[in-house]
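K.L.:
Keeping their order, the protein sequence lines are chains A, B and C. Sequential numbering from 1 applies to the first sequence in this note's numbering. Sequential numbering from 1 applies to the second sequence in this note's numbering. Sequential numbering from 1 applies to the third sequence in this note's numbering.
Do not take every clue at face value.
With a straight-line Cα cutoff of 27 Å, these simulated DSS-like cross-link-like pairs (lysine-lysine) come out [to be verified]:
no.	chain 1	residue 1	chain 2	residue 2
1	C	K99	A	K193
2	A	K63	A	K193
3	A	K193	A	K21
4	A	K440	A	K193
5	C	K297	B	K252
6	A	K21	B	K252
7	A	K241	B	K124
8	A	K241	C	K99
9	C	K198	A	K193
10	A	K63	C	K210
11	A	K226	B	K124
12	C	K331	C	K210
13	A	K226	A	K241
14	C	K224	C	K297
15	A	K128	B	K252
16	B	K213	A	K440
17	B	K124	C	K198
Which residues of chain B face chain A? A partial, calculated answer using Cβ under 8 Å [what the hints assert, rightly or not]:
no.	residue
18	G125
19	P129
20	E210
21	K213
22	H214
23	G220
24	F237
25	I241
26	L243
27	V246
Hints are computed from structural coordinates only; laboratory data are not their basis. Computed from a predicted structure; not experimentally measured. Where a beta carbon is used, it is the ideal one built from N, C-alpha and C, also for glycine.
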Amino acid sequence: MIRRLVRFVDQRSGGAPLLRKTLRYLFPDHWSFLLGEVALYAFVVLVATGTYLALFYDASPSKVVYHGPYAPLQGQEMTHAYRSVLDLSTTVKAGLLIRQTHHWAADVFLAAIVLHMLRIFFTGAYRKPRELTYWIGLSILGLALLEGYLGYSLVDDLLSGMGLAIGYGVLVSVPFVGANLAALIWDGPFPGKHDFFSRMYIAHVFLLPALIAVLLSVHLALVALKHHTQFRSQPRQTERKIVGVPTFPGQTPRSLGLFLSVAGVLFLLGGLAQINPIWLWGPYHTYVSTNGAQPDWYLGWLIGALRLVPGWDFTIGHYTVVPNPFWGGAAFPLVCFGFAFSWPLLERRFTGDYGYHNVLDRPRDAPGRTAIGVAVFTWISLVFLAGASDRAQVLLDLSYIGQIWFYRVIVWVGPIVAGLIAYRVCIELQRGEQVERERKRAEAAARGAA
Amino acid sequence: MRLRLGLLLALATVVFATSAPAAPPPVQQGKHLYGEYCVACHGANGSGITQAGNRIGAGPGRSQTQQPGVAPSLRGVGALAPDFYLRTGYMPLAHAGLQPRRSRVLFSDEQIRALIAYVASLGKGPPIPTPHPAHGNVSRGQALFTDHCAGCHQIVGEGGYVTDAVPPPLEDATATQIAEAVRIGPYVMPRFSPRQISNGDLDSIIAYVEYAKHPDDRGGWALGHLGPVPEGLVTWFIAAIVLIAVCVLIGKSLRDEAG
Amino acid sequence: MKRARPKDWLIAGAVLLLRRDRRPPRLKPGEREPVVPAGEPRPRAELLALFLLGAGTLCAVAFIAVYAIDRIPRQTQFLGLSLGLSLLFVAAALIVTAKRLVVTEEIEDEYPLDEHPDEQETVLAAVEDSASRLTRRRLFKLGLAGAGGALFAAFVTPVASLGPVLDMRRFYDTPWRRGKRLVDEHGRPYRADQIEEKTFYTAFAEGSDKEQLGSSLVVVRLPKDDLRLPPENSGFDADGIVAYSKICTHAGCAIALYRVPLFPPAEPKPALVCPCHYSTFDPSDGGSVTFGPAGRKLPMLPIYADSRGQLRARGNFDEPVGPSWWGVRMKRPT
């Protein structure tokens with residue numbers, strides 16, 4: 001029966017050669033190469049669950065008075081948008097499961113991208129000829145950050161509403177044109193007009209997913225066309241010779257198994273671990289707020305940055321050239337992304353290495369790159385930690401103001417120290433291997449002589 | 001006749017002497033306790049000390065080093081305030097200059113009642129409130145709590161931070177203590193009078209706080225009701241670790257091959 | 001012939017499902033080269049995989065059952081558990097298959113060429129040859145680029161209809177006018193004698209949209225002796241009652257925290273604090289920033305009590321409300 005199917009497809013599309021190539025395409029085998037797939041499968045879960053949610057969501061900011069089964073909000077005024085998500089969470093069967101799975105999938109999607117990106121960086125996989133793949137991947141990361149932010153802001157609960165206000169505050173702080181851009185997006189100043197939710201909705205369910213899907217396809221196509229990189233774990237693996245497991249039969253059950261594992265973990269979390277209980281937060285109003293409001297984890301680096309920057313607007317006369325939120329909310333992430341984008345070019349310039357690379361470095365084999373990567377990652381992580389210092393005060397009785405000052409110093413000192421340590425560790429590991437190799441050679445020579 | 005009168009008198013004296021109060025009246029006992037624990041900061045007769053004068057000595061329930069004591073006047077605070085501060089352990093303050101927080105309750109119930117009686121006797125003031133959260137409406141409470149309390153105490157009462165102070169979590173607060181705190185405005189908390197928040201509204205707020213101690217957690221493990229921070233921890237320390245483990249299981253590691 | 005009984009169908013089905021294949025593979029060995037190398041059978045692994053598949057099936061069916069039953073407590077948890085476990089069981093079956101049942105080949109192949117100079121040359125040649133009839137190549141290219149760019153600009157232009165991108169007037173707009181009453185969330189006007197010390201009130205411009213950033217106020221009463229308003233804010237208070245915008249000038253959250261000491265000699269001064277990044281404003285001196293990342297003071301609304309004791313605005317804020325932008329210090333609010 002499979003014979004008949006294959007024949008049918010080949011006769012009508014000429015696809016047998018492509019099918020053969022695909023089936024026998026090689027996957028070099030290392031567990032860290034699967035991190036990108038984890039992200040991909042999380043994206044699939046996102047699209048599937050998201051489609052279901054979109055069938056229930058009402059993107060309308062018109063107000064309605066709630067009369068429903070959730071007593072603590074009975075009789076309160078809220079938007080239709082919030083109401084539709086509240087209903088989905090309380091009255092639609094399996095609605096809360098799908099909603100929570102979708103939200104966990106978003107958190108895991110971004111975590112997987114970050115892990116994947118770290119693997120790419122620390123093994124030098126972004127080098128020629130794969131810079132394009134790398135830049136596309138970074139773009140997907142940026143789009144995913146925005147997509148997640150818009151997704152949880154659609155709900156219009158107190159927490160995400162405050163987050164939207166802050167996003168607006170950061171946007172208007174962009175020098176010269178920030179407020180104009182915000183006026184465009186919100187149709188005037190915050191909270192905007194009736195159509196703002198429609199814009200967020202279309203961006204979140206159509207524009208951004210389509211863009212991500214296209215970029216993802218190009219990303220995967222480029223990986224396939226140039227073939228996957230590999231570690232030199234066997235002598236026969238070289239810049240020219242790739243050794244790996246073919247798509248079929250070897251890799252297929254692995255990948256399928258990984259896909260179902262990702263889906264399984266996400267659905268388990270979706271049912272067992274509560275995420276974003278919007279009925280507890282209540283609806284958003286511009287004139288209320290709650291203590292302890294935080295963005296989702298992948299934007300935590302920004303809240304840390306916003307809290308650490310000392311309070312001053314940079315003005316020249318009447319012109320507010322750089323309002324305060326710009327530094328933490330926009331400049332900081334731009335610098336990080338700028339570094340990431342320009343790194344392949346910078347590294348080429350510094351090392352003078354303009355060659356093609358299909359073989360990966362282990363982190364210890366490139367101490368400079370590893371040290372700089374560790375330093376930048378430490379920088380971002382420390383800023384990220386600073387964002388939780390108010391909860392650290394509540395939980396651990398550490399002075400908030402003291403922590404802010406501590407972090408203001410440590411975010412500059414810490415990366416330097418971490419980078420230096422990483423460098424030394426790489427050098428020492430390399431030297432250890434060298435000693436080992438020489439010992440083995442000496443022993444072999446001694447045995448030969450004997 | 002005189003003998004009988006004398007015997008009667010002697011008997012009365014004996015009875016009177018032996019039935020001298022086994023325990024002093026509460027106000028009196030309270031005054032003794034006040035003198036032991038409170039006078040160094042709150043001053044004689046609850047007059048309050050606003051200028052740090054003589055350093056107070058070390059004492060029971062207090063830090064064992066000398067420190068300057070200042071504290072507000074207790075005249076006219078009635079029974080409401082001492083009931084709150086003593087039953088929560090806010091007072092006695094272990095160390096001058098600290099924010100009063102829920103901590104060890106130093107006194108027995110009898111001693112607390114004595115202290116309350118004494119402080120209430122210092123001037124006319126509000127009695128211990130008797131809230132009725134069952135008469136309140138949880139939804140109205142949610143709205144009032146959001147408007148007046150959530151900014152400091154967090155939307156479900158998990159506590160928070162305000163510059164230089166820590167609004168505490170509310171999970172241990174009893175209905176009476178909530179009512180008292182709202183009317184006192186302890187430390188840097190605002191003070192909401194019945195004119196601003198009526199007793200009926202207060203009942204609703206208490207009903208909401210009671211709800212918030214065990215809110216609707218239909219989504220599963222509540223993660224402390226704090227939102228994205230613990231969610232991020234679960235993402236990295238549960239989901240990411242499990243999925244990395246699956247990757248390691250499926251794939252190879254360099255050591256498998258390097259041999 | 002006897003009609004088959006249900007028991008017979010059951011037996012036949014079980015035999016069909018559970019028997020092992022004893023037929024040899026389709027082509028005899030030696031007729032062709034195996035593309036995938038053969039491997040030894042592993043019955044224990046097979047059984048394990050089958051068992052896992054069965055468990056996955058059961059869990060998936062359980063999901064449907066849990067969904068169908070209406071009054072199950074903790075339904076979300078059971079739904080997630082059943083679906084998640086089903087997926088994980090099947091995943092486990094696949095992983096067992098991958099590691100023990102499928103022959104894991106390690107094949108060597110060539111990386112594709114770094115580049116294809118010949119094809120590149122052909123492409124370049126085709127492009128160059130095609131321009132044989134053009135004499136003004138540079139002008140032509142310029143013309144095409146210009147037209148393309150202009151068309152692109154034309155297509156992008158309607159984006160400007162999304163909002164008043166060039167008209168910033170609404171950013172200065174607030175609903176406050178001279179004489180406008182301060183009302184609470186339900187529209188009831190505030191009276192001056194209603195405003196007590198050591199607490200805070202949220203007020204709005206009467207008749208305005210409460211969600212508008214310029215509408216909401218935080219109102220507190222300070223002892224007159226504690227007020228130290230600067231000259232530009234003198235007279236802004238109504239006998240000790242001061243009113244500020246409730247929207248933080250840092251990033252736009254609502255300033256819902258009022259820190260006010262019960263016992264001023266030992267406790268921090270009154271302050272209006274924002275819960276997002278803890279920008280702290282002093283209500284006694286016109287709203288200056290005493291801590292936190294806000295770069296601009298809190299806008300203050302001048303108020304007074306009218307003849308009936310109701311609080312009204314004397315005019316507009318002294319500064320525009322909300323997060324700072326390029327022009328926030330250029331004009332007063334309108």
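K.L.:
If any of the earlier hints don't hold here, list their numbers in rising order.
P.N.:
1, 3, 4, 5, 7, 9, 11, 16, 18, 19, 20, 21, 22, 24 and 25
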